[in-house]
Amino acid sequence: MMEFLKQPWPWYIAGPFIGLTVPVLLILGNKTFGISSSLRHLCASCMPCDIPFFQYDWKKETWNLFFVVGIFLGGVIANLFLTDPQSIFVDQPLQENLAKYGITDFSGLVPHDLFNWQSLFTLRGFILMVVGGFLVGFGTRYAGGCTSGHSIMGLSNLQWPSLVATICFMIGGFIMTWLILPLILNL
Amino acid sequence: MVDFTTYFKFIIMKKQTYEELRASELRHQDAICVNESEKEESFSDNIKYLIVGLFFGIIFIKAEIISWFRIQEMFQLKSFFMYGVIGSAVIVGMISIFFIKKLRIKTLQGEQIEVADKTFNKGQIYGGIIFGLGWAMTGACPGPLFAQMGYGASVIFVTFMSAILGTWVYGKFRDKLPH
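From first to last, the protein sequence lines are chains A and B. Numbering follows the numbering used here, in which position 58 of the first sequence is assigned residue number 58; successive positions increment by one, without gaps. Numbering follows the numbering used here, in which position 79 of the second sequence is assigned residue number 1079; successive positions increment by one, without gaps.
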C-alpha cells in the first residue's frame, strides 16, 4: 500500500478522483467546485477598497478558503510522507528541447532552474513568476473561473460558456508555449 | 396609533433584504463558486472542506498535475497524461451531476442540491486566453499554486501574491473591460 502511495499515480486514478470532488462538495453542503474564487475572497476580505466587485459577504464563502488551505496542507503531507526519490518522467524530446534553455534539472515538480529566489531578480524569472502569476489571477477572474470551475465543474454540468472558456484556456496556452515562451526562456 | 417600533423594524428588515439581494447579485456576477447553501456554517462545519482539499492536494502532487513539465507536455502535445486527467475528471463529474439531478439527491443537511448555470459573456474569451497565457508560463492554475507552496516551493508565494494582485486589478477595472 505504502509502495503504491509513494509512486506517481497514473491519470486514470487521479482524474476520476478529481472528478469525484464535484459530487462530494455538492453533497457535503451544496458547494460548487472552484478554486480561483478563493483569490477573490482574499481580495474581498483583505483589501476590498470600496470596489463593488469585492463588496459581498465573503464570510459566507469561508468554506472555499478552508478548501484551499486543505490543498496547501495536502502539498505539505505529500512532500513529507509520500514522495518518491526518483525524478519525474519527462518526455525525452521535451527534455532535450528544454536543455537548450539551460533547464537540465528535471527532479522537481517545479523546475529549480526556472523558479527560485535568485532567478526572481532576473528578467526571465520575473516574467515567468510575477507576470505569469498576474495573468493567472487576472485571467481567471475575467473568465469567471479556472480549470476547476470551468473545465471540470462547468463541463460536468454541460455549460457551453465553460466549454468556450476551456477552449480559450487552451488557445492561450498554445500561443504561449509555441510562440512566446521560447522567447522568454531565451532571455 | 402607529406602532413605531414595528415600523422601524420593517424598514430595517427591508434594507437588509435589499443588501442581501445586492450581495447575492454581485456574487452571481461571475457565476462561479457561489455558495448555494442557505445554511450558516461554523468553523467546525468548514473543517470538512479542509479535509476534502487535503485529499485533493495530495492527488495533485501524486499525479504530478502541479508539475510545470506536465503542463509543457500537454501544450506541446507530447503526452496524453493531462488530457486523460481532465477528461476522466469531467466524465466522472458529468455522471455524478446527472445522477444528483435525476435522483434529486439532497445535501447531508437535507438541502436540495442546486448548481447554478453559467451565463456567457465575452470575458470567458478574453479572460480565458489571458489565463491560458499565464497557465503555460507558471505551469499552474490557481489550485496547483496552493499545492506547490505546500510542497515547499517557497518562491511560488510570489506568483501567488501576484495572482491575488491580478484578481484585484481585474476587480478594480472591471467596468472598463469588455464583457
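Derived by calculation from the structure, the hints in this document are not laboratory data. Being a predicted model, the structure only gives us computed values, none of them experimental. Careful, some of the hints might be misleading.
Straight line, CA to CA, 27 Å or less: simulated DSSO-like cross-link-like pairs of lysine-lysine [unchecked claim]: (1) A:K59 - B:K1102; (2) B:K1048 - A:K6; (3) B:K1122 - B:K1048; (4) B:K1176 - B:K1122.
Here are some, though not all, of the chain B residues that point toward chain A, as calculated from beta-carbon distances under 10 Å [to be verified]: (5) F1080; (6) I1105; (7) Y1126; (8) I1164; (9) T1167.
Label-pair distances were calculated between CB atoms; the ranges are [said to hold, decoys possible]: (10) B:K1122 - A:N97: 31 to 39 Å; (11) B:Y1083 - A:E96: 47 to 55 Å; (12) B:F1157 - A:L80: 50 to 58 Å; (13) B:I1095 - A:T122: 26 to 34 Å; (14) A:P52 - B:K1122: 13 to 21 Å; (15) A:F4 - B:G1152: 29 to 37 Å; (16) A:T104 - B:Y1083: 21 to 29 Å; (17) A:N116 - B:S1044: 33 to 41 Å; (18) B:F1098 - A:P48: 49 to 57 Å; (19) A:Y12 - B:K1102: 39 to 47 Å; (20) A:K100 - B:F1080: 36 to 44 Å.
Built from N, CA and C at the ideal position, the CB exists for glycine as well.
Q: Give me the numbers of the hints this structure contradicts, sorted from smallest to largest.
A: Result: hints 1, 3, 11, 12, 13, 15, 18, 19, 20 break, sorted rising.
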